[in-house]
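Colleague: Chain residues, written in single-letter form:
Protein chains: 2
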Amino acid sequence: MPVLVMKFGGTSVATLDRIRRAAKRVGVEVAKGYDVIVIVSAMSGKTNELVGWVGETSPMYDAREYDAVVSSGENVTAGLMALTLQEMDVPARSWQGWQVPVMTTSAHASARIEDIPPANIMAKFADGMKVAVVAGFQGVSPEGRITTLGRGGSDTTAVAFAAAFKAERCDIYTDVDGVYTTDPRVESKARKLDKISFEEMLELASLGAKVLQTRSVELAMRYKVKLRVLSSFEEQSDDAGTLVCDEEEIMESNVVAGVAFSRDEAKMTLVSVADRPGIAAAIFTALSEGGVNVDMIVQNIAEEGRTDMTWSCPVDQVKHADVAMKKAAADGVINYDELIADEGVAKVSVVGIGMRSHTGVAAKMFQVLSNEGINIKVITTSEIKISVLIDRKYMELAVQALHDAFGLDKAA
Amino acid sequence: MPVLVMKFGGTSVATLDRIRRAAKRVGVEVAKGYDVIVIVSAMSGKTNELVGWVGETSPMYDAREYDAVVSSGENVTAGLMALTLQEMDVPARSWQGWQVPVMTTSAHASARIEDIPPANIMAKFADGMKVAVVAGFQGVSPEGRITTLGRGGSDTTAVAFAAAFKAERCDIYTDVDGVYTTDPRVESKARKLDKISFEEMLELASLGAKVLQTRSVELAMRYKVKLRVLSSFEEQSDDAGTLVCDEEEIMESNVVAGVAFSRDEAKMTLVSVADRPGIAAAIFTALSEGGVNVDMIVQNIAEEGRTDMTWSCPVDQVKHADVAMKKAAADGVINYDELIADEGVAKVSVVGIGMRSHTGVAAKMFQVLSNEGINIKVITTSEIKISVLIDRKYMELAVQALHDAFGLDKAA
Numbered sequence: 001m002p003v004l005v006m007k008f009g010g011t012s013v014a015t016l017d018r019i020r021r022a023a024k025r026v027g028v029e030v031a032k033g034y035d036v037i038v039i040v041s042a043m044s045g046k047t048n049e050l051v052g053w054v055g056e057t058s059p060m061y062d063a064r065e066y067d068a069v070v071s072s073g074e075n076v077t078a079g080l081m082a083l084t085l086q087e088m089d090v091p092a093r094s095w096q097g098w099q100v101p102v103m104t105t106s107a108h109a110s111a112r113i114e115d116i117p118p119a120n121i122m123a124k125f126a127d128g129m130k131v132a133v134v135a136g137f138q139g140v141s142p143e144g145r146i147t148t149l150g151r152g153g154s155d156t157t158a159v160a161f162a163a164a165f166k167a168e169r170c171d172i173y174t175d176v177d178g179v180y181t182t183d184p185r186v187e188s189k190a191r192k193l194d195k196i197s198f199e200e201m202l203e204l205a206s207l208g209a210k211v212l213q214t215r216s217v218e219l220a221m222r223y224k225v226k227l228r229v230l231s232s233f234e235e236q237s238d239d240a241g242t243l244v245c246d247e248e249e250i251m252e253s254n255v256v257a258g259v260a261f262s263r264d265e266a267k268m269t270l271v272s273v274a275d276r277p278g279i280a281a282a283i284f285t286a287l288s289e290g291g292v293n294v295d296m297i298v299q300n301i302a303e304e305g306r307t308d309m310t311w312s313c314p315v316d317q318v319k320h321a322d323v324a325m326k327k328a329a330a331d332g333v334i335n336y337d338e339l340i341a342d343e344g345v346a347k348v349s350v351v352g353i354g355m356r357s358h359t360g361v362a363a364k365m366f367q368v369l370s371n372e373g374i375n376i377k378v379i380t381t382s383e384i385k386i387s388v389l390i391d392r393k394y395m396e397l398a399v400q401a402l403h404d405a406f407g408l409d410k411a412a
Numbered sequence: 413m414p415v416l417v418m419k420f421g422g423t424s425v426a427t428l429d430r431i432r433r434a435a436k437r438v439g440v441e442v443a444k445g446y447d448v449i450v451i452v453s454a455m456s457g458k459t460n461e462l463v464g465w466v467g468e469t470s471p472m473y474d475a476r477e478y479d480a481v482v483s484s485g486e487n488v489t490a491g492l493m494a495l496t497l498q499e500m501d502v503p504a505r506s507w508q509g510w511q512v513p514v515m516t517t518s519a520h521a522s523a524r525i526e527d528i529p530p531a532n533i534m535a536k537f538a539d540g541m542k543v544a545v546v547a548g549f550q551g552v553s554p555e556g557r558i559t560t561l562g563r564g565g566s567d568t569t570a571v572a573f574a575a576a577f578k579a580e581r582c583d584i585y586t587d588v589d590g591v592y593t594t595d596p597r598v599e600s601k602a603r604k605l606d607k608i609s610f611e612e613m614l615e616l617a618s619l620g621a622k623v624l625q626t627r628s629v630e631l632a633m634r635y636k637v638k639l640r641v642l643s644s645f646e647e648q649s650d651d652a653g654t655l656v657c658d659e660e661e662i663m664e665s666n667v668v669a670g671v672a673f674s675r676d677e678a679k680m681t682l683v684s685v686a687d688r689p690g691i692a693a694a695i696f697t698a699l700s701e702g703g704v705n706v707d708m709i710v711q712n713i714a715e716e717g718r719t720d721m722t723w724s725c726p727v728d729q730v731k732h733a734d735v736a737m738k739k740a741a742a743d744g745v746i747n748y749d750e751l752i753a754d755e756g757v758a759k760v761s762v763v764g765i766g767m768r769s770h771t772g773v774a775a776k777m778f779q780v781l782s783n784e785g786i787n788i789k790v791i792t793t794s795e796i797k798i799s800v801l802i803d804r805k806y807m808e809l810a811v812q813a814l815h816d817a818f819g820l821d822k823a824a
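Going down the list, the sequences are from chains A and B. If you count by the working numbering, then the first sequence holds residues 1 to 412, one letter each, in order. If you count by the working numbering, then the second sequence holds residues 413 to 824, one letter each, in order.
Calculated from the structure, these hints are not laboratory results. Hints may contain errors.
Heads up, incomplete: computed chain A residues facing chain B, CB under 10 Å, no partners named [claimed, not checked]:
#: 1; residue: Trp53
#: 2; residue: Asn75
#: 3; residue: Glu235
#: 4; residue: Ser237
#: 5; residue: Asp239
#: 6; residue: Ala240
Glycine included, every Cβ here is placed at the ideal spot set by N, Cα and C.
Bound conformation, chain A alone:
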């Protein structure tokens, strides 16, 4: 039998009623002849509650215990989903990560899946079981301890299962009905995309479009897993939602696929750093060890042996960055005059594989922002993406203007 993976996020299993609705969707696919692997998240709110308890108990917690605690929410949903399917006369059982086993690294709280041997579940499918309900987000380390994959990790669990079981498709059921050209709450003309390439989805995911966990998209791209994002709250046809796929499968597309943004960014500048080979490595190693997720990086031209180093990071990590730089200076690793933080910036990006073959996208983007009187503070580019840092108060305006200028409200 062909295998289908279906993943239901926290809002899709938030209540017993919603679990029943999700189970009905599963039943539809079973009736089509699929052996189905269902990946479930914790009921929405549960994981946050557990994370809160851990943080309150132990601010600098042992990540192994964090994992043991926060993984429990998924176990509950998996069991309830299996029971709900059984009530519908669909042969089903639940599996916890260690039972499959979902073998991961020992990097607790952010473990990576290393292997999912399909033998145990396939044997049950051969015995007549139609649905394996698997607790998402969790696995087991070589030491036999429970690991978790980081927030949103159930998406990664789903794609990894689709790869391991050579599934026909991996359907991600969530509270939105697909991937949009931008957030409809910011631009009412935002349009749902029928298809999007892995590369574009990857950029959008990493830019803060929280539809899919970045790692799940990377994994899908590497293993050529057909990934579909669709709503668990609507009646579904076979071509509902957005298909994330190889760009070869996308016949026509706009040059720009979407406009992404990230609201709570900070721009930090380390002023007058003693410039020497290895100084960037010294700074960013210190920031990384201090728990700062650096995004954009700009280095000014050095003058008289001194330079300025600028980066962006989430605004709530500004304090961490300050501590890390002071420590590095105290340790004699770096030497600087001051660290300036601008906590009022946002990042806006345009993303599209069409940029590879179309020139002038950057120029057009800068012109659009200039026409609106928006000053650009930092620019970075990749092959299929241009990102700018601007004052936060202009973020909505920039998104709307760019969405309009690149014609995203109309299909290609």
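Once you've looked at the hints, dock chain B against the given chain A.
Modeller: This is chain B only, laid out in the frame that chain A set:
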């Protein structure tokens, strides 16, 4: 190092504050030089919530999924307790049942512990770990699925660990400060016992004194585990609470140790059963298969090949008994005129190992009840217990009169 087992029930770990208080108690024992195994229940209310969800999802649930769901509460507490101890600089880690492993039978929802290999935890103690926090109530079946031991099963987990690790003592921390001569809510003169024998505790537990799960007392008796019941809400001295121990360790005791009662009983009589060898087996097999927990049994003298069979059971099982008897009659296994149920009875028992050497306890009990004008409906006795079934409305009166008559408010 000597090993101590400490078990904290649901009310003792109901909040993060209470977990901290419990952890401090653990720290006191670690400071005395013990390697400690802590058994934890779910935070109070959590297991009931999970059981409710399972029942709502699937009234005739698959017990394997029930176990997968309801075992999750203990995992949360175990992780939080380990983190709390770590915050106090006590080296600790959590263990889920399958990690130890706590090997059980496959009788899901009421599994029995078969083996607890101590090697894994002992190796960690040898490495310098001071506390192993183990999720109570759960284990793993030979098939690698999660099992639970039945409600109150964490007591059994605790005693089983104490036996497997040859612990010096097993301390059960709960919301009462020990075992009383009777329920203080019914008889204000009830007195806490310093010591009680396993045999007496077993009778009291099975008679509805809900301090300890019956199976945990059986296990403690078989493996000679010193069991102490004490309050987690009071400052504790070394001789706090009640020690449940071999009767040889109890120097002096009252003839009667306590008065137990069970409020919601029913008396059922199967009228005019065709009497033949094997009829009792036929009736009580049918009742057992129908899920009826029969307690007392009385058979009248047979006349003309017919007899009446009387038993008691929890009042909420009267319907099950009725169904089971009708089915047995329809199957031709038994033959009777009618089944009468008296749903307004309660059971009152006096328990004491002193009965073995003192005669006249039964006579005194019956006289006391007679003096109060209480009619006795059924009587059963064991070596150290006499139980009577009486009208429920006289239950409190009977308990108080017996407590008084046997001088239980005064120590031996």
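Colleague: For the hint on A:Ser237, does the least C-beta distance to chain B fall short of 10 Å?
Modeller: 28 Å, violated
Colleague: Answer holds if the nearest beta-carbon of chain B is closer than 10 Å to that of A:Ala240; otherwise answer violated.
Modeller: Because about 27 Å separates A:Ala240 from the closest Cβ in chain B, which is outside the 10 Å limit, the hint is violated.
Colleague: Verify the interface restraint on A:Trp53: the C-beta must sit less than 10 Å from at least one C-beta of chain B.
Modeller: Interface hint status for A:Trp53: holds (6 Å vs cutoff 10 Å).
Colleague: Hint check: is the beta carbon of A:Asn75 less than 10 Å from a beta carbon of chain B?
Modeller: Interface hint status for A:Asn75: holds (5 Å vs cutoff 10 Å).
Colleague: Hey, does the A:Glu235 contact hint survive, CB to chain B under 10 Å?
Modeller: 23 Å, violated
Colleague: Close enough to count: is the Cβ of A:Asp239 nearer than 10 Å to one in chain B?
Modeller: For A:Asp239, the interface hint is violated, since the closest Cβ of chain B sits about 32 Å away, which is over 10 Å.
The structure is inconsistent with the numbered hints 3, 4, 5 and 6, although it conforms to all the rest.
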